[in-house]
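Colleague: Protein sequence lines, in the order shown, are assigned to chains A and Z. Residues 1 to 368 in my numbering are what the first sequence spells out, letter by letter. Residues 1 to 361 in my numbering are what the second sequence spells out, letter by letter.
Simulated from the structure, these hints should not be mistaken for lab results. Errors might be hidden in some of the hints.
DMTMM-like cross-link-like pairs, simulated, lysine to aspartate or glutamate; straight-line CA separation at most 25 Å [unchecked claim]: (1) A:Lys31 - Z:Asp263; (2) Z:Lys241 - A:Asp315; (3) A:Lys123 - Z:Glu321; (4) A:Lys66 - Z:Asp263; (5) A:Lys108 - A:Asp315; (6) A:Lys30 - Z:Asp263; (7) A:Lys340 - Z:Glu244; (8) Z:Lys62 - A:Asp315; (9) Z:Lys241 - A:Asp121.
Because the structure is a prediction, the values reported are computed rather than measured.
Chain residues, written in single-letter form:
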Amino acid sequence: MRRGLSLTVCIGFLLTNLTGCWDVQYLTNKKMINGISIDTTKDNEIMGTVRAVILENKGGGQFDVKDNVVQAVGDSVYNVGLKIDSMLPGTAEASKTHIVIIGEELAKKGILSPLEFFYRDPKGYLKSNIIISKGTAADILTFKKIENTPIAFGIKQILDGSRLLTVVPEQSLYSLWSRITDPGEDAIVPMIHKVGDKALMVNNIALFNGDRYSGISLSTEYSKILLLLKAKLVRHAFLDVQTKEGVVTFEVRKLKRSVTVSVDEKTSEIACSIKVHLYGAIASYPDGLSSEVDKDKMNKEIAEQVNKEAASVVDLLLQANCDALGIGRNLRAHHPKLWKNITWKSEYKDVKIRPEFQIHVTNTGIIS
Amino acid sequence: MNLTISKPQFFFLIIKTQIGIGLLSLPSETERIAKGDSWISVIWAGVMIQLLLIVYWQLLKKFPNHTLSEIIVRMLGPYVGKAINVIYLAFFILIASYASMLYVRLLNTWMLRITPVWVLLLLIIGTCLYLAIDNLRVIARFFVLSSVLIGVLLLISILNFSNEVHFTNILPIGQAGATQIFTGSEKTFFAMLGFEVTLYFFAQVEGNHKGMFRIMTLANCFITLFYAYFVFICLIGLSPKVLEMVSEPVLYILKGLSYQLFDRIDLIFLTIWIIPMSVTIVSYLCMAGKSLSHKQSSYRKLVWISGGLVFLAGWYLSTLENVDLYSKWLEYGYLIMIAAVPVLLWLGSFLMTNMKKVGST
Numbered sequence: 001m002r003r004g005l006s007l008t009v010c011i012g013f014l015l016t017n018l019t020g021c022w023d024v025q026y027l028t029n030k031k032m033i034n035g036i037s038i039d040t041t042k043d044n045e046i047m048g049t050v051r052a053v054i055l056e057n058k059g060g061g062q063f064d065v066k067d068n069v070v071q072a073v074g075d076s077v078y079n080v081g082l083k084i085d086s087m088l089p090g091t092a093e094a095s096k097t098h099i100v101i102i103g104e105e106l107a108k109k110g111i112l113s114p115l116e117f118f119y120r121d122p123k124g125y126l127k128s129n130i131i132i133s134k135g136t137a138a139d140i141l142t143f144k145k146i147e148n149t150p151i152a153f154g155i156k157q158i159l160d161g162s163r164l165l166t167v168v169p170e171q172s173l174y175s176l177w178s179r180i181t182d183p184g185e186d187a188i189v190p191m192i193h194k195v196g197d198k199a200l201m202v203n204n205i206a207l208f209n210g211d212r213y214s215g216i217s218l219s220t221e222y223s224k225i226l227l228l229l230k231a232k233l234v235r236h237a238f239l240d241v242q243t244k245e246g247v248v249t250f251e252v253r254k255l256k257r258s259v260t261v262s263v264d265e266k267t268s269e270i271a272c273s274i275k276v277h278l279y280g281a282i283a284s285y286p287d288g289l290s291s292e293v294d295k296d297k298m299n300k301e302i303a304e305q306v307n308k309e310a311a312s313v314v315d316l317l318l319q320a321n322c323d324a325l326g327i328g329r330n331l332r333a334h335h336p337k338l339w340k341n342i343t344w345k346s347e348y349k350d351v352k353i354r355p356e357f358q359i360h361v362t363n364t365g366i367i368s
Numbered sequence: 001m002n003l004t005i006s007k008p009q010f011f012f013l014i015i016k017t018q019i020g021i022g023l024l025s026l027p028s029e030t031e032r033i034a035k036g037d038s039w040i041s042v043i044w045a046g047v048m049i050q051l052l053l054i055v056y057w058q059l060l061k062k063f064p065n066h067t068l069s070e071i072i073v074r075m076l077g078p079y080v081g082k083a084i085n086v087i088y089l090a091f092f093i094l095i096a097s098y099a100s101m102l103y104v105r106l107l108n109t110w111m112l113r114i115t116p117v118w119v120l121l122l123l124i125i126g127t128c129l130y131l132a133i134d135n136l137r138v139i140a141r142f143f144v145l146s147s148v149l150i151g152v153l154l155l156i157s158i159l160n161f162s163n164e165v166h167f168t169n170i171l172p173i174g175q176a177g178a179t180q181i182f183t184g185s186e187k188t189f190f191a192m193l194g195f196e197v198t199l200y201f202f203a204q205v206e207g208n209h210k211g212m213f214r215i216m217t218l219a220n221c222f223i224t225l226f227y228a229y230f231v232f233i234c235l236i237g238l239s240p241k242v243l244e245m246v247s248e249p250v251l252y253i254l255k256g257l258s259y260q261l262f263d264r265i266d267l268i269f270l271t272i273w274i275i276p277m278s279v280t281i282v283s284y285l286c287m288a289g290k291s292l293s294h295k296q297s298s299y300r301k302l303v304w305i306s307g308g309l310v311f312l313a314g315w316y317l318s319t320l321e322n323v324d325l326y327s328k329w330l331e332y333g334y335l336i337m338i339a340a341v342p343v344l345l346w347l348g349s350f351l352m353t354n355m356k357k358v359g360s361t
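This is chain Z alone, in the form it adopts within the complex (with noise of 0.2 Å):
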């Protein structure tokens, strides 16, 4: 449970947490709202999570050798602590059995059309538990390991400049207003969602003392380029109209493209992006475990059980018909566990007396 990983470990378990399926249908959903504008929308939405990362940065500085579910039972108490832990543990269940309801819709409709949900899930869910019940040094270096993918991922997308692409798409830069950009990158916002990893999983990085802002800053900047770059490159490959229409349009610009050798790429593109997408499952079976348990016997069993509350939920999900509703729940009330919870605690933060004892334990 105390094994500690470093800080490249570190860094790619926020990039790997964060690249998930929001991506794959971000452009089509920004373009909806911010036209030509999208990628300056995904800019925006960066700049705010690293907003909240400076905040996060202040509130672990304080608290180095903990957790956030340790530092709210610090900072609240035993029982108010434990009880606000419990909500954190439900929101983790929830938004990992409904990414993992969206991965199984999409390759319903992309790839294996009449295989069962339930099957589906327990393949994901299965391969997830089996990474996340391990500590969390196995899980970095899984992470690490299978980030060489998204290179691959990157140099598959670059075959996309060899459709036609039109540069003047996004001019004249600007043209949907600042309102529509903001609005645009608050859908960014949750397609980037998390970064939060941080507060759980800051404790155990080695040597948290010194630069590790830096780390974060750079993990931000990453993701936010990777996914400007994929916005960017639907923006200039698709027709405003076709962006709009297609649900998919990273996969989608894919399928222009055909090679003596290599056929459907999208399929290609769509089999790798399963492992960022699974892990991201992973990263949250982990924050689960960790939200109320401290041994690691403890975090194995609970980790179980959130996994198959998420099998549960998952399927439960995949059976509305519509989900929005759901969705926009669970988005906003996530926000509110993410961002005004840490920022509240940051400020309580300052009237604590016992501050410096603190850092010592």
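In isolation and in its complexed conformation, chain A is listed as follows (with noise of 0.2 Å):
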């Protein structure tokens, strides 16, 4: 019994005392960065800027957020890193960084180099939204406040914003690196521009083969498209299509996929097609007041001008080389053999792809 107890207490006080002694890190002393760009330079160098959180205390508990920027130049992204940690006060933490903005001319070289740094580092924040500038990132990072929010925030918003519309994908750097990565299919990356000097915006999507930026972004409009080719409706997509009668916006709130693979036997010719219906309603139609819709003319004359989208969507990720389709995952899965026999990234632009929309509107709206 006595010796239960003093085995209790010896052990109580190591628990007690020793768990925090080494790897204590308290808040005070971290400087939270919420946002980093990373930018190649003339010389091949790496450019980093980050955005650190300042909490003023207002006292009663409330905190004001503000946050600066630092820039630093160096070989490699650890290296930009050390430096500007020795430029800010405190121990500089990415471990809570919401955005990742890579720049296009870096993109291009190969990205997975330079994030190697967030996904080898035990406390490096996976689930940090990575997004490709158009232009170069630290011109994004370095932009003026956003409705008085620390410009990182506003940005994850903008983004959030965009992804729920369907404009653009979901990519955090967990999911990138087994994108870039996976044999049978390539990675799309959301793209970030200024419009003029008033704001930002996501609504781009960057191709990618392999790890590196092809160079071909998508607009808004084949964005949406592409998305809804791969089945990833979030909420809601707005699809404005011109007909003889004006300018309508259907929305898709519905959606239904098939996708077949096919090889021909002799020419071993590789055909994808890809039939998609869209559910939804129509959500504007300015000189549609006059009459009632007839829903069956929309029907054809939305799937037609979106079919002829779809057209140009697949023309451009054939000429990125970008398989964001997954065509060469469902051929790995069902034709093993001719996967052996075949490199898929030249074999991949003659794959004929035929994508196929069908529309539903099924509502109106209140006026018919």
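Reassemble the complex: the two chains are provided individually, in unrelated frames, and hints are given to aid placement.
Modeller: Take a look at the structure:
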């Protein structure tokens, strides 16, 4: 009994006193970084820019959130990080970084090696959103404040907004690595750009070929089509369609998709047909007030337009050599013999992709 | 010393000893060999263990009131028997120290990066010793209590399905070929070690004449499915290349999860996982104690000494730069001890003439 007691006291003493001794980290000594941008310079060095959060105590448990910008140039991301750390008061911590922006030029050279540090570091926050910027990423991150909130939070909110409208895909550091290294699928990443000096917009998609940005991006309309082809409808998507009578905005609410990948036995030509059924409502039809909407006619007109756009999206995908639709994965699973004998990257551009949309207007709002 | 345990407690003793640090890195180790068929490797390893369990069952049926060490002494005489039991003791100590070394390394990379090795070892082995010096009933109760955590771990792992998963990653089934699958199952086998506790704890199970084989099979099925499930979620959650690169994929897949309220699920998971990892060491310390002594007082002393040795050996191992060679020797040596020796004993038991008397003691 006495021995048990003394042992308990001893272990309790050790537990309470030793655990924090070496690895104790006080929040007050940390400098939280909430946004990072990485660019390449002319001399092939890495330029990193970070936004560090400053919490100002206003008293009464209220905090004022501000942030400041620090920039450094170095040989690797880690090296830049060390330099930035020595410029900031406290230890720089990237464990709560919301966004990582990669400059266009750097992305064209390959995206994995600058990001390697985030994957290796046990503290790395893999849920960070990754964005490619048009132009240099530092320009985006040094943008003036958005509505008084620190810029990184602002960008995250813009990104989330676009994501909910099915304009850009969700892509975090975690998912990106798997997508890039996947032999049967290529990554697509949201793109951000400045609109004049007034605003930031996230509404394009960068097409990746392996771990490099192919240089080809999809504009808003095309991005939506691609995401719908991938069956990645988040809440809803709005498609603007030019009909003979005028502009119609179609709100997609439900989606059904079937993909068939077939291989011609003689020519071993690979064909992929994607059939997508879109169900939804007419959100706006400015010239449609005079008469009732003819749903069948509307279905056809929207489908025709969307199919035309889908054909251009597919062309761009082939041009970028970006297998965003995951056709390779399908081949690997269902035609393993063929998959073993081909180099998918060189074969992909000869694939026949036939997208086909069918539109079902089920609702016209509260006017018919 | 002779306190009995119930059959459910016996079940939990087995599974908790088997679930340990090996699982965390298992998916990437098998992926390197068996690719998308890793999960078949795991099931195959389960089948191999089941075959071994049949031998154990046949052997233990003949000596229902004896632990392995007593059986050895009985069959091989006091001198040879004692010598073999000393080897067993050494292996249990080495396995425990190897496990605690891996454990400390894991903590050093994932959580406590600056904390010195000896502190972590002291805390782990100290806690384990505190439990291991008690009688088996107390240990079993703790094992049952802490197995609630397995449920928590399973719940956490289900969250992984909110990440993007691709079931096609495991297709086509059988892509790696039989040889690769078998080689992969060898790795799995070593990660699933721990079923040998049967040989030592069987004697203390209440009413161990009936239904014991069912308990053993059930435990093995549970573990095999548990392991296969974790390998499976890693296979569908990560691309093959990433799975090969990451050293602890089970933790890594949880790193990709984030919620408003919770973050870094991997660290929460690891904190809970510490308990199954520690109780593995408790089991080995307990077996070390049982391998040479039969009375509670000498058992305690032996466990204390083994604990000290585990600490020293663990510390020494953690200073080594490369333990691959060591681990290989250890694994194959241990395989002889838990597979070859029981099989030989079982075959030998047919030669014994005084078989019938043994059961009645």
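Colleague: It remains to establish, for every hint, whether it holds in the given structure.
Modeller: Each hint, compared with the structure:
no., hint, in the structure
1, A:Lys31 - Z:Asp263, "holds (19 Å)"
2, Z:Lys241 - A:Asp315, "violated (29 Å)"
3, A:Lys123 - Z:Glu321, "holds (24 Å)"
4, A:Lys66 - Z:Asp263, "holds (23 Å)"
5, A:Lys108 - A:Asp315, "holds (20 Å)"
6, A:Lys30 - Z:Asp263, "holds (18 Å)"
7, A:Lys340 - Z:Glu244, "holds (20 Å)"
8, Z:Lys62 - A:Asp315, "violated (74 Å)"
9, Z:Lys241 - A:Asp121, "holds (18 Å)"
Going down the numbered hints, you'll see the structure goes against 2, 8, while the others check out.
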